[in-house]
Amino acid sequence: MNAIDVASLRKSYGSLTAVDDLSFTVARGETFGLLGPNGAGKTTTIGMIVGALSPDGGSVTVDGESDPTRPALRQRIGVAPQALALYQDLTAEENLRFFGSLYGLSGGRLAERVLWALDFSGLAERRRDRVSAYSGGMQRRLNLVCGLLHDPPVILLDEPTVGVDPQSRNAIFESIEQLKREGRTILYTTHYMEEAERLCDRVAIMDRGKILALDTVEALLRAHGGPERAVSHVTIERGTLEDVFLHLTGRMLRD
Amino acid sequence: MNAIWAIAAKDLRLLLRDKADLFWVLGFPILIAFFFGSISGGGGKRAVMPVAIVDQDQTAYSRAVVKQLRSSEALRAEEASLDSARLLVRRGDLVAYVALLPGTGESFGFGGDSTSGVEIGVDPRRTAEREYMRGLVTAALFQSMQGSYASGGGGREMIQGSLERLRADTTLGAEVRGQRSRLLQSLDQFMSVLDSTGGAAGPIAAAGGSSAGGNASGGPNLRVVEIAEEDSGPRSAYEVTFPSSIAWALIGVCMSFAVSIVYERITGTFLRLRLAPISRSQVLAGKGLAAFLAALAAVSFVLLIGVTAFHVRVSNPLLLAAAIASSAFCFTGIMMIVATLGRTPASVSGAGWAIMMIMSMTGGGMVPLIAMPAWMQRVSDFSLVKYAVLSVEGAVWRGFGWSEMLPVLAILLSAGAAGVVIGTRVLQARDH
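So the protein sequences, as listed, match chains G and Y.
The first sequence finishes on residue 528 if you use the working numbering, and the numbering steps up by one all the way, no holes.
The second sequence finishes on residue 458 if you use the working numbering, and the numbering steps up by one all the way, no holes.
Just chain Y, same shape as in the assembly (with noise of 0.2 angstroms):
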């Protein structure tokens, strides 16, 4: 086992060595999928939320506050019912939703029952965008109340509106319910000589942020309400074109490795191997191990770019981490045939490439599987690059459940088996 490891390693210092090779096995699968993807739509639709707003209070205040989070440039809200709102966001397409509830004009969005206040509907894992929503209607609510105030009249006839309905509450004592109306007509006197002074922006402005900010209440009254996402299609071209790129990253360590291969038996390095005492079965087993372990390091390092830098979001990463496992067993079976497919570099290279540009035609490299006309993704049934990406789809975008991705990982880990086992007796019988 110790040689199979020095032989793996050897070829995987070899490969990291090598520029050109690390290129195509990582750099051009990257390219792929950010070209694809942003011709695709996908570059800048992440800076701008999908937004429904629901306004149930329909108060001069709540259509303040849907004005302002319309007037965000991280938004593009539309108006809509909460049962409309909660199933947009559920199918994914729509990122949240926000709810003004009744009476939240009546306070402000702050304080109140449970059933009053604001409400924002967002899936569980959408943690950034939750709380980036969370900041936005805060801003919206802050600002909405600022400008009640500082525009006189609202905020004067608010007062009024609170003074009646204190007047109409039997259930407060005498002397609390005299507090409370001494306070509100003290500050509906203020008020009134800030609009014959003409001088309200400034200074209710800062006094409006101010007490709203150090609210008694404790806050506004937001509360996030948990809408899983169905999951059921892409939420981005890159979640379609980052699988889709994996091809070219197998690909670009099956080309490798199988050159690799044909490369040491003409440059001598193969003889020593064989020469020493180790089997040639050992010598073959490091070669695909190192194949294996580059794949599944291309791999990853492609998916980990789409998920850190393209948001592509990983639906199940037990399933993906079997997936990019399977693929990587598949390809390196593929790289054995392949290194048997000539005697020369140049005559493998040839060879291998012309095959692997057909798979990736036909199997989802080039044409996304999910934009493949009919007839295409039955003549994609016979690439094993179309199960590869399909299965990293299933674990990204697809909602594959294990009855759904078994099949597909079966085909892929037969598929390997059966490239190592006769690549191997090839190359083997070759020697002789």
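One chain only, chain G, in its complex shape (with noise of 0.2 angstroms):
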């Protein structure tokens, strides 16, 4: 059984089909990329997996569930919206312990798995401060966080990276790489490319509502990467920009 199920979604508002058709599965433990641009449809149709928008045709099967906005179903869907979804001023610690209360947790248990989503998201120095003094890296890790709290299996990714630096962004990478040794289901938006190749086992390429193409990295390219040609040529290693930049600045978390 795949861990999310999506066929013929639609959805649209107004003249503007947002999501026109659209198939695709996640099996169990697996991470999946939609990858497209602004106003491809990813958004809406995370929105529609976890029940926060009734789809205007298709279905949508959670966990073998065909109804997301079942309670028993939301306590296996984690999620991390696109917005920044904290309160600016509640401390990290008073975000977390609220949002883990909404999904039951309390005493004991919610008081270690705060303790977990701050060390998890390198928090726990600054549990104390209100979010609006955090900068927007702290704030992206924050947001990430509050939605795996209560330990879920299948996980929703919605552009989780958006203006952040690449401290932040790196940590959040290594954050979701150790999600998925743990073998959980997860559900990536993205427009960086390079973020869909270094995470996603598969990758749908989505725009205007519609997938444009489905596969592993390595058959996209394959497939749309052009003819294959033999080149010769010498290749001199050398990193990437940002490899400069981490070298330069470090690793280190700023915030």
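Fair warning: there could be bad hints in the mix.
Derived Cβ-Cβ restraints for the label pairs, each shown as a range [what the hints assert, rightly or not]: (1) Lys-45/Y <-> Leu-485/G: 48 to 56 angstroms; (2) Trp-389/G <-> Trp-428/Y: 49 to 57 angstroms; (3) Gly-330/G <-> Met-392/Y: 49 to 57 angstroms; (4) Val-452/Y <-> Arg-403/G: 29 to 37 angstroms; (5) Leu-289/G <-> Ala-400/Y: 52 to 60 angstroms; (6) Ala-377/Y <-> Leu-494/G: 53 to 61 angstroms.
Derived from the structure by calculation, the hints contain no laboratory data.
Beta carbons are placed, not taken as given, at the ideal position from N, Cα and C, and that holds for glycine.
Make the complex out of the two chains shown on their own, each in a separate frame, by following the hints.
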């Protein structure tokens, strides 16, 4: 059984078709990327998968259940929305305790999970500072762990690295890779190619609400990267500009 | 239920951390009440107590006591008959009356039987005023007695009067009469010496004060008579302005939470609430509970300030509790409706304040209900602010019983329930 099964999903806003006959599946333990430009329909798709939006047509099945609004199913889904969903006037710890309590966590279990989340996001030292005093990267990391507090097996991450510095982005990547190693199912939306390339087992490239291609990164390259050509040249190995940046400024989180 | 409490606790915490919101909810209503109360003559009135003085004794001593009381800066004293004084206190026009009954002068207000001495009439709920009056009257009795002795002639006149009554009293034995007669004659001699030396004031004053203070009869013959006030009107301007100012506390809470619902929607936290394993009704119930508790706390706080700092007196605490709870519920419902008036904080705030200002202007939030002309009172029937203010006034100074209060509470509760149902349905429908 697949962790996520999307079949012929459709959603329109007036004359604008945001999602058009979309179908894909995500296997258990797989990291699946929805890659597309802004306005491709990625966030609308996530909204319908988690039950925040009602589809005009088609169906969604998560963990074998077709009604994502059922509380029992929501307990098994973790979401990091694209928009920062945090209370700016509360501290990180207060945000985590509040969102944890909505998932039925309490007492020792809640305290344990809050500690884990603070540690996982590298915010333990700033736990008692209000979120409004955090940098963009810190808020993104907190936004991510707020969706992981209840230890869900299925995780939906909607552009989790928007607007963060390379250190925080790297920390988020490492967090996601750890979640992958733990065997969780991850649906990851982004418009950064290198993120999809680094993190995702399979990638669906979307535009205008439709999937244009869906496969492993390697297969997509083979299929759409043009004919293979034998080119003889000398390869000088060197890093990317991001490697240079991280080398000069360090990999340590700055906030 | 835990989730609802968690949402309510979070919203209350956010309210407490927003100083601007807190000012509108708590500070502004108190400022309004103080401002309008003071310009309406509320300030300073409590410092001078209006009282009536009844002199049924009509002796030199009783006149001296009256003079002492009238000279007190703490009192605004007017002379009246006993019946008239009792009526004025019962109507709440005066705080108390002091009656110097026949025979007071003979005993200097000390000793004597139950028909003589001094009577203080005051409402039993005015415990502070009662004790204050007791202190003022006792001081006046001592000072007048001291003055009588110190003035020589007045004191000797009283001694001669006492000697004459003693001689005429056939109920006393000859031995007792002789002892008392000798004592009074010695005192008369002593005072005649003082008169001739002109040194009365200092030592006699001290002697008079001391002797009166340690009077063997056990102190002044003071009786406090309970005169229950009829509660027929506000006793100070603050009893009008504080109930009116609760409108601003309710409006502040209402607007703060209505805007917070819309703000959550645009910042994304509402999405996270909706993705949690709780129903939409629970999310809105949590918001409503927070608004209700905040309204309860804000109105209670404003009235507490009125009671403790501005001497607003609550006629019926149970009715007041019912009025506060019903008003808070009503404005929770209004809050849910206001939250549906726009899709951005600015639009909700603009539309909400426009409605609230009209409701407040016509409902007694700006012009007190008691001061409205007849036509405006009819218009105010359409404002829910009126019923919130009226319910609190009913428990504070209008003297409402349950039969008068229940219709007002029914209107508040019905409007609140309608607001909660309509607001919740519209907000839920908007989520789809």
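Comparing the hints with the structure gives:
The given range of 48 to 56 angstroms is respected by Lys-45/Y and Leu-485/G, whose C-beta atoms sit roughly 52 angstroms from each other. Taking the beta carbon of each, Trp-389/G and Trp-428/Y are about 56 angstroms apart, inside 49 to 57 angstroms as hinted. Our hint of 49 to 57 angstroms for Gly-330/G and Met-392/Y holds, since their Cβ atoms are close to 55 angstroms apart. Checked against the hint of 29 to 37 angstroms, the pair Val-452/Y and Arg-403/G passes, with Cβ atoms roughly 32 angstroms apart.
Checking the proposed 52 to 60 angstroms range against Leu-289/G and Ala-400/Y shows it holds: the Cβ atoms sit about 57 angstroms from each other. At roughly 55 angstroms, the beta-carbon separation of Ala-377/Y and Leu-494/G lies within the given 53 to 61 angstroms, and the hint holds.
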